[in-house]
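One letter stands for each residue in the lines below.
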Amino acid sequence: MTTSPVLEANGLGRRFGERWALRDCTISLPAGHVVGLVGPNGAGKSTLLRIAAGLLDPSAGSLRVLGGRPSDPEVLPRLGFVAQDKPLYGRFTVADTLRMGGWLNPGWDGGRARAHLDNLDIPLRQRCGSLSGGQRAQVALALALGKQPELLLLDEPVANLDPLARLQFFQVMLEAAADTGMTVVVSSHLLADLERCCDYLVLLSAARVQLCGLTEDLLGAHRVLTGPPGRAGAIAAAHSVVSARLTERQAVLLVRQRGPIIDPAWTVRPVALEELVLAYMNEPAAGTTPALALAAAPGRS
Amino acid sequence: MFEFQLDPTSGVATYLQLVHQVRQALRLGVLRPGDQLPTAREVVAKLAINPNTVLKAYRDLEREQLVSARPGQGTFILRTLDGPDPGTSARFARELGSWMAAARAAGLGGEDIEAIYRATVRDTFAEGVA
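Quick mapping for you: the protein sequence lines, in order, are chains A and B.
Going by our numbering, the first sequence opens with residue 1, and the numbers climb by one from there.
Going by our numbering, the second sequence opens with residue 1001, and the numbers climb by one from there.
It cannot be assumed that every hint is accurate.
[Claimed, not checked] Partial selection, computed: residues in chain A whose CB lies under 10 Å from chain B:
(1) 133
(2) 170
(3) 195
Simulated from the structure, these hints should not be mistaken for laboratory data.
Each residue gets a CB set at the ideal place from its N, CA and C atoms; glycine is no exception.
Produce the complete structure using the sequences and hints provided.
Right, here's the structure in full:
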């Protein structure tokens, strides 16, 4: 496994006409993680993934994956991508689809793809057009995994799937990640799923990067404080307040801690991932520095 | 083979839940020295959790010298964990019982008592500054 970042974007942007779908995106993703890509609709998640998959050229800045440009002949065979609509040829059978995967990809491992579809009782003779949503997602995943990618990009892979199909999709994906050590970047709105699957998080909103780091570090760096509103100013002076709910009697602050919180007037509790993401999504201006130097953040327990 | 479970409502970090389950199984004698823990891949495939989460839990257990990882073979239990001696537990349970009876007699309700209990546990076992 390489120690250089598996995906590195520098001032990356993409414009469609007048509108920027992604802007000033600077992130660096280390190898060997399952990275959750979250953000509201239209935040640029699909754009980022499509640029990383070599399907879209940037309008500004640069992006490198696996040490090269996504479209490099050296890089492309090591990249797996499953698009949001999971495009499969409807008239091909599942077996045809896997055979096609074998023809098109040099490092193809067909036995494995077949075995995992077999495990899920997906008939190889069935036409892709008549598969259920969950089966379709599994075939698309099998196709991407058969390529034995070092980096797997998944754009909303479980949207519209029932809970069981979602669980099965993640089981197969994570088992493959455990097996091969590949890096996965997965976009989703389902924060509970991402909390289980991902150990790294990128939050895009309004076309910019708001948060990027190890989930554990992000959670460790933030706290929810409850206390007297009169002392909220002192907290805001010493820490970064991400969100604040103030009433006459009580203040509830979500802060990025810059040091210990000593004032006993505040009740301090850890933050849950969903709470953290929602707080940042609600405050699109919070945290939009290009790359947050989380490793140096104090106050981790 | 030992099976892990997740409690998504507990609010406890996933890797800590795994660590606690092994410790608990050792206290109860469900796991004994020489037993093998499921591989990271098996845990991941069953629970759909991040592989690094399992590895982190196993590293923690290794650091406590409760398990040892044998390359290419798996992770094995090294020793048991003794819970508190039953007599000691019973003594403290009795003392807590009489304390609670006194608190109730003084007009405190279940929630008041729980608040005191939680705050005291937190202060006594505080991890660093928070």
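Report the numbers of all earlier hints that the structure fails to satisfy, in ascending order.
Number 1 only.
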